[in-house]
Amino acid sequence: MDKKFDKNGRLLFTKQMKQDYLILMPMMLPIHFSFMQKILTKHGYKVELLKTNHPQIVNEGLQSVHNDTCYPALLVIGQLIDAVKSGKYDKEKIALFMSQTGGGCRASNYIFLLRRALKRHGLEDIPVVSFSISNMEKNPGFKLTVPMMMQFVNAILYGDMLMLLSNQTRPYELNPGETDALIQKWYDRLLKNVSFRDFYWTSKVNLNLREMAKDFADIAQSRRKCVQVGIVGEIYIKYAPLGNNNLEAFLQSEGVEVTVPGLLDFVLYMADNPINDSSYYGFSRAKAILWQQLKTYLEKRQNELIAAVKTQPKFRSPSTFGHLKSLVRSCLSPGVKMGEGWLLTAEMLELIDSGVPNIVCTQPFGCLPNHIVGKGMMRLVKDLNPGANIVAIDYDPGATKINQENRIKLMLANAVKNLENKEPEKQPGSEDFASTTNSKGRH
Amino acid sequence: MRFMSLGIDIGSTTVKLALLDENNNIIYKYYGRHFSKVRQKTTELIEELAPMLSGKEFRVAVTGSAGLGVARSAGLSFVQEVYAAQTAIETFLDGIDVVVELGGEDAKIIFLTGGFEERMNGTCAGGTGAFIDQMASLMSLSIEELDSLSFKHEKIYNIASRCGVFAKSDIQPLLNQGARKEDIAASIYQAIVNQTIAGLAQGRRIAGRVAFLGGPLSFQMGLRERFVETLKLSPENAVFPEDARYYIAIGAALCAYEKDSLTYDSLLESLKKAQTSQNTIGSLPVLFESREAYDEFVERHNKVDAEREDLETYTGDAYLGVDAGSTTTKLALITPDGKILYSYYGANLGEPIKIVKYALSEIYELSKGRVKIRGSASTGYGEELIRNAFCLDSGIVETVAHFFAAKHFNPNVDFILDIGGQDIKCFHIRNGAVDSIMLNEACSSGCGSFIETLAGSLGYSVEDFAKLSLFAKHPVNLGSRCTVFMNSSVKQAQKDGSTIEDISAGIAVSVIKNAIYKVIRAKSTDELGKNIVVQGGTFMNDAVLRSFELETGKQVTRPAIAGLMGAYGAAMYAFSLKLEKSGVLSPEGLAGFSHKSKPTSCGLCPNRCKLTVNTFSHAGKFISGNRCERPLGGKSSDELPNAYDFKLKLLAGYKPVPGRLGKIGLPMGLNMFENLPFWHTLLTELGFEVVRSGISTHETYIKGQYSIPSDTVCYPAKLMHGHIEELVESGVETIFYPCMTYNFKECDADNNYNCPVVAYYPELLKANMYSLSEIRFLFPYFAPHIRKTFTQKAMRFFHLEFCLKPFDVRRAIDKAYLEYAAYREKIREFGRKSIEFALEHSMNMIVLAGRPYHVDPEINHGIDRLIASLGFPVLSEDCVSDLAVHKKARVLNQWTYHTRLYNAAEYVKTRPDMQLVQLISFGCGIDAITSDEVREILESGGKFYTQIKIDEINNLGATKIRLRSLKAAMETDKAR
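If you read the protein sequences in the order shown, they are chains A and B.
Mapping of the first sequence onto our numbering: position 36 corresponds to residue 36, and the numbering continues sequentially without gaps.
Mapping of the second sequence onto our numbering: position 346 corresponds to residue 346, and the numbering continues sequentially without gaps.
Calculated directly from the structure, the hints in this document are not laboratory data.
Accuracy of the hints is not assured; some may be wrong.
[Unchecked claim] Residues from chain A that face chain B, not an exhaustive set, calculated with beta carbons under 7 Å:
| # | residue |
| --- | --- |
| 1 | 62 |
| 2 | 66 |
| 3 | 85 |
| 4 | 89 |
| 5 | 250 |
| 6 | 252 |
| 7 | 255 |
| 8 | 285 |
| 9 | 287 |
| 10 | 289 |
| 11 | 290 |
| 12 | 335 |
| 13 | 410 |
[As the list claims (entries may be wrong)] Here are the simulated lysine-lysine pairs, BS3-like style, with alpha carbons at most 25 Å apart:
| # | chain 1 | residue 1 | chain 2 | residue 2 |
| --- | --- | --- | --- | --- |
| 14 | A | 119 | B | 909 |
| 15 | B | 155 | B | 232 |
| 16 | A | 401 | B | 232 |
If you're wondering where the values come from, they're calculated on a predicted model, not measured in any experiment.
For each residue, glycine too, the CB sits at the ideal point set by N, CA and C.
So here's chain B without its partners, still in its complex pose:
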C-alpha cells in the first residue's frame, strides 16, 4: 500500500522539505537557510510537522550534500541529489532534454535525451549560489538588489568563470576602477552561465527544452535571463518550474516510495539521536588555554601602537596617505613625527571615491584650516584612481608603503606579512630593500573577505565570528587550500556536527596555514625571519594572529593600526617627498567635486582592453583597465625592444601562398607557436595553401569552450578548441596538427619531451569536437628531432595521404629545417641587439620567461607591454637561452621548453642589469617543478624571483604590484 512520503533536502546552505500524499500531490513544502546548524534545524522542522504526520505511517528519504551525514547517523535512507532531481523531472515535466540545477555550492547538469548523462561540478568550481552571495556582499548589495541591477546593464565584462576566487579578483579591480555596478551584476551572472557551459557541460551542447532548478535560478531573474540569452533558448524551451527550489526534495520523496515506512515518533527520535553524535576527528590544538592567556596576549599586542594627536586642537604640518585596498579604503593623516591625527578604515562598498571624499571633507571640517597638508600619496589597487581624482602628489606601490610603515614600529624588521581583504602579501627586507615578494596566486586568496563572507553566510558579523573562535574546544582542521576547498571542508565539518566556534577557529588556522605553506611556501618557520611584522585588516582578528604565533612559535609585532599600515606608510612616504605644499584638492575643490564613470573598449590592439573612463568635475580624466600607454594618448612604449611583440610579428609573416593542393589549416596555439616556421615551410613547399587560425581573443575561447572536457587544463590548451572551430568555420577541408611526443632538442638536456598536454592535445580534440568529424583532421605522430627517421616517416605519410612523391617531400623537409633554424637565429639575433640597445641607453632589462605560446596576447594578457611601459626592454627566454654557460640542472631536465627556462635563468644570473620574470599558466603541472628550479638558480646568483600566474583571468592589478615592487627593489639595489 502507498503512504505519504517526505523528502528532506539538506544542501550546503538551505534545508528544503516536501511532503507528498499517496497520489504525488504536494501537501507541504518548506525552504529556508540552516546557518550550518544542520541537525538542529532539521529536527525543528520535523517537529513543526507534527500536526500533519503525528500518528501516521509514512516514508522518508534524505538528500543533499549535507544530507549524507545526517542520513547516516540517523539511520535514514539517502538518495543522491542529482538522482532525486532527475526522478522529480521525469515525474512532473514532459519533454525535457536538459536539466540545469544550481544549488548553494553545487552545480549540476542532467542530459536526459540523446545519451543520458549527469554531471556535477568538480572540486574546483565555484560558480554557484554561494558564489553569488559572496559577490553580492563584496559589492555590499542584497541578492535582490544585485538581481534588479543586472537588468540595467549596458555591457558585460569578462569575469573569469572557472572558480569563484578568480572571478572575485576580476571584479574587485573593476569596482575599484569605478565600473558600473549594473554591468558588474550582469557580468557575474554571465560568469556563472559560462562556468556552467564550460565547466559542467564539458563538450556537450545544452540544447532542446531546458529545465532550470535550484534556489538561485528560482529567485534571480537576471540569472535566468543570462542563461536564456546565452543558450539562445526560445520561451517555450526554457522551463522554469514553479516549485523549482523544492524539486530535489520532491524527488527524494518520490524515491522514498520504495523505502520502508516509519512512524513520526521513530523519525524524530532518530534525528534527535543524530544530533548528539559528535565527531572530533581532525581537531587542532586550542587557540587559548584560558582567559588569562588571552588577556596576556591582548596586553602584549596593545603595547605596539602609534601615538595619536587630536586633530581638533593640532596646528601645523600634516601628511596624508590613502590606501585604496581591494575591499577597504584607509586614510591616515600624520604629523611630521609620525603621530596620527586622523584615520579612517572602512569597507569601500565598491565606491572608494565616495569614501575618500567623505573622509577628506571630515578632515577639513575638523581641522578648520589649522592644518597644512604638505604632502599626499596613495597606494593600493585604487592608487591611480584616487590619485587622479583628488590630485594627490604621488603614488607608491603598496609593498613599499607597508615597508615604510613597518620600519616605524620595528626598525629591524626583516619580514612583513600582510593579509588583507583579498590578497596576502609578504616579503623579506634585506639591506633596507624589499626582497622576494610573494603574493598569493589568484587561486588561493582565501583571506579576509573569505572569513567575512563565510561569517555572513552563517549569520554572524566578522567581529562576533572571530570572538567565537578564541575559546573553541576542538578547532576543526580545514586544510590549507583555496576558498572553494575550504568551503567544502566547512561543509564536511558541519556534517560531522562541529560547532560554529570550532569552525571559526579552524578558519583562522587555515588562513595562516594557507599563507605560510601555500603563499610563502616556507619549509620551516625559521625561514620567515627574526623580526616579523604582521599587518593588514585580517590580523585585527585575534584568532588569526594567535594561530600565526602558534604555527610559527614566535612572538610577532602587530601594530594596533594593523589595518591602517598601507595608509600610514603612504603618509610617511608623502613626508619623505619634502614638498612645500600638497596639490590635494582644497576644501573648496572638494565641495564641488563630482565623478562619473563610463565603460568603453580600446580598439588600438588585439588585447582590446575594456576601459573605464572616469571623468572628474575638476576637468580631470582618468582611464583605467588599460595595459599600455596607448589609449591614454601618451607616448608609446613601443620604442623599447619587446621580444614578445617581435616574435608575434615574425610569426604573422608566415602568410598563405596559394598552391595546387588547396588549403590546409593550422591551429595557432600550443606548440604551433614554436613550430609554425617548420610546418608552414614544409606544407607550402609541398603545394598547400597554409591557412592559420587568427591570433587568439577571448571570443576564440568562448567559441570553443563548450567542447572542453577537463576544466582544470591550462588556458593555452583550452584555446585550441576555439582555433579549431575557427578553422572549420573558415571552410578549410583539411586541418593538420601533429601529435608531438618529442620536440626539437636543446643542447645539454636529458631529453626533449613536450608536456603531455602539448604532445597529445590533437587526440583530445579529435575525441571531443564533433566538427572535426566533418572534415579531414590529420594528426600524425612526428618527432622532428631525429631528422633521418622523421624524413622517412614524413615521406611515407605524405605519400599515403596525398600521393606526393618522396623526392618532393624530402626537398620540402630540407627547406623546413633551414627555415626553422633561420627563425630561431632571428630570435637570438634580436636578443643580442636588444642587449646592445639596453647597454647603450644604460637600461635594466627583463627576461619574461615562459613558453613559446605565451607570446599569444590572449594568454599573456599584455604583460609584455606592461613591462615595457615601466621602462624595461623585454626579452624572451629563447632570446638568451643560448648565451648561458650550461649547467646540469638538479632536476630531470627533459622538456624542451623548460630547458630554455633553466638556461635563461643561468644567463640572467651572470648579468647585473637583468632580471627574470617567469610566466606560469595556471594548471601547468610541470611548472610546479620548473618554478622551484628557476627560483633556486636565480637566488643562488642573488637575483629576485618574480612569478606571474596567468589564466583566463585578465586583470593586471596583482601583476602590476609585483612588477612595480620589482622595479622599486631594482632601484634600491642600484642605489646601493
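Extracted from the complex, chain A is given alone in its bound form:
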C-alpha cells in the first residue's frame, strides 16, 4: 500500500488504512477504555484494547526508551511494542494509538518517543495515531468527530459512575462477588450493541445512570465501618493497575473502601486550561469561547451524574468541577496547568473535604509537575487540614512492591487509629486534634 507522509516526514494514517488496519490501544482504565473501544468500532475503526499485564512489558519499555523517561511512557510504549512483537498481529496491517495531552509536561512527547522506539526496533512503518482532544497531529484516516466525542463523554460518565458506585459498595457487600457481578451485568448490557440511545441520548443516559445507582444501592450491605482511602496522582499511575502494582486491589484486600476521582474531572480540567490561558495571558479569546462551550456542556453532564448518585442517599456523591476549582485556591493558583496541575491538589482537598482524609498520592519517580502540585503542596494541605493523612508513593521499574506496601500500611495504621478515636466520641477527633496544634498555615 502507498505510504503517505506529511511535510515533516511523519507517516500518516490514511483513509485506506482505516479500512484495513487494526489499531492497538494501550490500557489505562479498563471500564472506560472498553466502552471507548466499542465506540471506535462502531465508527468503523478496527481497534483492539491491550489487556496484557506481564513483566516483559517493563523490559520492553526499558529497552525502548531512555531509562529516565517517566514510568507511564515506559509502560505504555512497552505495552505497545510488546504487543507488536508478540506475533499475534500482522505487522503490515497495524497502527498504534497514542494519547497526546499537550502542555508543558513531558507527556506531550510520548508520541515522539514511541516513534523513536519503533524505529529502533525497525518498525517505523507502523503508523502512530495521535489521540488528542486538541487535535495536535492530524491524520486523514482518523478524526475525532463531534458525535464520537459526545459518545466518549457518555462512556466516561458510565465508567466514572460504575467505578464510584462499585467502590462504595464492594467493601460492604454481604454476598461476596455481587458487586463485581453487577458491574459485569451493566458492562454487558451497554457493550452488547453500544446503541445510539445508550451512548447518545442524554435523557436515556441519565436514566441509565439513575438505574445504576439504584441497582448498586439494592445490593445487600453490612453496616461495618471501613477506613476510606482516596487515590490521587499522575493520571496513568493513578488509574492503571499495570502502573501502580494493583494498588486498588491491594487496598481492597486490606479491607479499605477506595475512592478514585473520576476521569471526567480531568477532561474538564483539559478544557478549562485554554480558558484560563485567555484570562491569565491574554491568549485568543475566540478559542476560549469554544472551549467554554465544551466546558459548560461537560459541567452540565457532570451535574447530571451527581444528581443520579444523589437519588440514592447511601452514596457519597462527588463534587462539581467548579467546587474543586474553588477549593484549590487556598493552596495554589489554577494557573498551574502542566501535567495534572492544580487538579491533583484540588482532588486531595476535595477528598479531605468530603470526609476521606486518608490519601495515597501516586506518581512516577521524578514526575516534574508532581514536585509542585503533589509533594510540594502536602505541607500546606496538612497545615490547612490537620487531620489529613497523606502518603506519597513513587512508582518506577526498580521500586519494589514491599517498600510501597510498607509505606501504605503506615498510612493505614494511622487511618485505623483515627477512625477508632473518632468512633466513641461523637465529635470528630480530627477537630479536637486541630485545636491543640499551632497551625502555622498562611492566612
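Position chain B against the provided structure of chain A, taking the given hints into account.
Quick look at chain B alone, frame taken from chain A:
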C-alpha cells in the same frame, strides 16, 4: 485478661525481640544480625525462648521491613514499624516532640507535637545503617573504628547526602587524594544528618525534645554528636533511650495486646511452616546448566592471558604502569614485548600511596638492580597523586590506558567494557580512536564495590559469594537500577525466601543489565560491536562474565588479567614514550619516602574548593581537589574565552539603584538567570531598588534545605529555598518572583514553555516556606513572549499592587524589552568573538550546553573552568544557537531552553573545530528527552556526544575522565 506479649522486629539486616510481661516490664530482649536468613533465624530465636514461653499463653506481633513477608506466610499479625515506634515512645517517654529513627535501610521521622506526622525515606534515599556499613568497608574500617575516628575530625567535607551512591562517589576521590580518615568519618555522619533533615523532614524543622532510636544511633556516638550539634539540641532535649534499638520490637509487643493470644507451640509451628514456603516468581535462567558447561567456560577464558617472565631472573629493560583506581590499586611491570614481570592487585584501603610504595619496594627488592625501568606512567582516579608522589614520567586518562591494553589481546577490538570497583566505563573503538565513551552516572554505580559490600553484609567474602551463584537454581530478578533499588530488591527476595545462591546469581545479572541498559543504553546487543573485550576487577567474577555472555549472546574476550588492564595499559603507554630512563623514585629515594596530607580551603573564587595539600619528603607538593589552576600558583586559564564566566559577570553588573519605592528582592536562581536583565530593568525603572540574592554556595543550599518538600527535584530548584531565606534575612519586605508558564520564544520552536518546575516553583516556595508568610511575596503569572498582553497585564498588576501609573509601567516595560534584547545580543557577540579568537589561535572549542541557570558556579561546580584548564575556549548554548541553520527536531520542540540546545547541536555539527558537552542536572526529567535528541543530532554529524550529570555532588573525578578522554579522542581525530 492480660498476657505476656512478644514483639518481633525483623529489619533489613537485624532481628530484634522484646518480651513484655503483663505490666509492660521488659523481661527479655535480643538484638542480632540475620544475614538474610530471615525465617530460619527467627525460628531459632523463638526456639531459644522455650524456657520462658513454653506452655504459656501470650500475644505476638511482627514488625519491620522484612517482617511483613514473615507475618503474612506465618499468619501472624503485623504492625507497621513506624506505628510500633510511636506506640513505644508514647508509653515509655514523656514530652517528646520528634522521634528520629535510623534502621538498617530505613530512616524515619515522627513529629508527635505541632501536627502529628510520620515520614519514611522514599525509594531514593540511602543514608542509613547499611550506608554506614558500606562506607566503613570502603575505608576498610570497622564501625567502631569509624565511630571513634569521627571524634578527631578537624573539618567536614561536603558529601552528597541524598543517596548512598552519591556519597560514595564523593568519598572515594577524597580517600584517593589522601584526605584524613578522621575528617571523612565525621563527614559521613554529617551526610546522614543532612539527609535526615533534607530528605525526611522535608519542610519541617526538627526542634523541641528529640528522641533518637534504632541501631546506628544507639551504637555510634559520633553520629549522635553530629545530630545534636547540627540540630542545636541542648543535652536535656536530645533523648537517647537506653533500649533504643529494641524500641520498635517493644512497640510491636505493646500493639500485640490487642491481638488474639496464642500458645508457644502454635507460634513455632506457624513459623516453621512459613520457612518452607518458597517463592520462585521472577526467577531468571540459570547461569550454568552443568559442571561441564562451567569447566568449558573456564577453559575458554583461561586461554587469553598475558605471558609472564620471572622478575627474579630477568635482566633488561622494563616499564611500569600504576592504576590507582577507586577502590583498588594495581601495578604492572612489563618487558618491552609485553610480558608481565611483576603485578600487584589489591584494595587500596583508602591509602593508595602506601600500597604503591610497598609494591615498588618489592619490585626493587626482587629485581636486585638487574632491571632498568625506562618509563613509568599512572592512570585512574589517583593518577596525579601517584604521579607526583613517585615522580612517574607521565599520566594517561584511564580510557586510553584500557584501550592500549585491550589492543594487545585483541587487535580488532571495537568495544571495551570495564566494570571496576565504582564505575562502569565503556567505549567503542573507531578508526583506532576511543569514541562514544559512556560512564555510569553517579546514580547507578551498583558495581564491584556493591557486590563486595553486599557479600560482606550477608557474611561472605566476594570470592565465596561469587562461587555460590554459579549453580544457583532460580536466580532472582533484581531489576536493573541503582544500588539503593537493588538493596530493596534483595530485601524483597529475602522476604520471598530466596536462597543466598539465587540472590548472588541475581546480582551478577543485575550488574550486567545495569551496564547494558542503563549505562550503555543499548537497544539491541548488536550495537555493542563484534570484538568485545571486557575487563575490570568485577569481571574476574565468573558469574558476572557468564551473565554478560548470556545477555549478549556473544562470546567475549576476558583477559585473565582483567583486573590489571589499566596498569598494563599504562605500562604499554610508558613504553610508547620511548624514554632513555624513567624519573621514578630510586630505591634510595623510596626508602626515605614519607607523606603527609592536610586539608584546607581555597579562597580564590566562589567555588571555594576544599583542597588537600599532600607534602612528600622529596620536597614535592601536590594539591588536589582543585577545579582550576589558580591555587597551584600556575598560569591562569582565565585568558581563554569562557562564556560561563562572561555571563556571570554580565549578570553581576545589574546592581541595585536606590529608588523611591524601596527595596524589592529577586531570588537569583532558575529562570532569573535568563530573565534578570528584563525584570531588573523593569523594576528599577519603576523606582524599586532591586536587591538580588547572592551567587549560590553550598551554604545557600544548607540554609534552605529544611523546607524542600521533594527530595528528587533538581538541585537548581532546591537552591531556591536558600535564596529566599537569604533575601528574607537581608530584610527586604517584598520579594518578586513571577510564575512563568511561558518563556520568551526561540525561533522555529513548536512552543516556548518553561519546564513545570521552573514555571511553578514560586507556588511551591509559598506553600513550604513559613518565612514567606512574614513578608510580601509577589508571584504573578506573566507570559512576556506576547508583548501586548503582557503589557496590559503588567500595567494592571503594578497598578493594583503599588498604585503605579499605567503610563509609567508601559515606559518601563519598553526599556525592559530593549535591555533583554541587548543582553542576548551581548552574549551572541561574545560567541562570535570567541570563535574568531579560537580560529586565530587554531584552537578547538567546546560548547558547554545547559540551561541559563547552569551558569551558577554552585550548580556547574566549575566545570567551565575545568574545560578551560584543558585548553579549550568555553562557549555556551545561547552563544551559538542563533548561528544554526534551523532544522525541525524529531521531538516536540516546546521548551525555550531546549530549543537552544538543539540549535547549538546543529551548529556544532557544522564545525570541525567544535565539540559539545551537555550538562544535565540530576532529576531533570526533560533532559531524558533532550539528551537523546542532542546525541542523535551530534552523531549524525560524526561528533562525539559527551554528557555530564551534575547534582549537589561536587567532585570532578568522573567529569575529568570524560573531558580528558574527549580531548584525547579529538587529538587522535585531528592527527588522522
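Hints, verified against the model:
Checking residue 62 of chain A against chain B: minimum C-beta separation of about 6 Å stays under 7 Å; hint holds. Of the supplied interface hints, the one on residue 66 of chain A holds, with its beta-carbon coming within about 5 Å of a beta-carbon of chain B, less than 7 Å. The interface hint given for residue 85 of chain A is violated, since its Cβ lies 12 Å from the closest Cβ of chain B, which is over the 7 Å cut-off. A cut of 7 Å between beta carbons decides the hint on residue 89 of chain A: the least distance to chain B is about 21 Å, and the hint is violated.
Restraint check, residue 250 of chain A versus chain B: the minimum CB separation of about 12 Å is more than 7 Å; hint violated. The beta carbon of residue 252 of chain A comes no nearer than 16 Å to any beta carbon in chain B, farther than 7 Å, and the hint placing it at the interface is violated. Interface restraint check: residue 255 of chain A against chain B, minimum CB-CB distance 14 Å, threshold 7 Å, status violated. Checking residue 285 of chain A against chain B by beta carbon gives a least distance of about 11 Å; that is not within 7 Å, so the hint is violated.
Hint status for residue 287 of chain A: violated, given a least beta-carbon distance of 14 Å to chain B, over 7 Å. Residue-level restraint check for residue 289 of chain A is violated (minimum Cβ-Cβ distance to chain B is 17 Å; threshold 7 Å). The interface hint given for residue 290 of chain A is broken, as the beta carbon of that residue sits about 19 Å from the closest beta carbon of chain B, more than 7 Å. Proximity of residue 335 of chain A to chain B holds as hinted, the smallest CB-CB distance being about 4 Å (cut-off 7 Å).
At about 5 Å, the closest approach between the beta carbon of residue 410 of chain A and any beta carbon in chain B falls short of 7 Å, and the interface hint on this residue holds. Restraint check: the Cα-Cα separation between residue 119 of chain A and residue 909 of chain B comes to about 23 Å, which is no more than 25 Å; the hinted pair holds. Distance hint between residue 155 of chain B and residue 232 of chain B is fulfilled; the C-alpha atoms sit about 18 Å from each other, no more than 25 Å. Distance check on the hinted pair: residue 401 of chain A and residue 232 of chain B sit about 38 Å apart at the alpha-carbon level, beyond 25 Å; violated.
When the structure is compared with the earlier hints, violations turn up for hints 3, 4, 5, 6, 7, 8, 9, 10, 11 and 16 and for no others.
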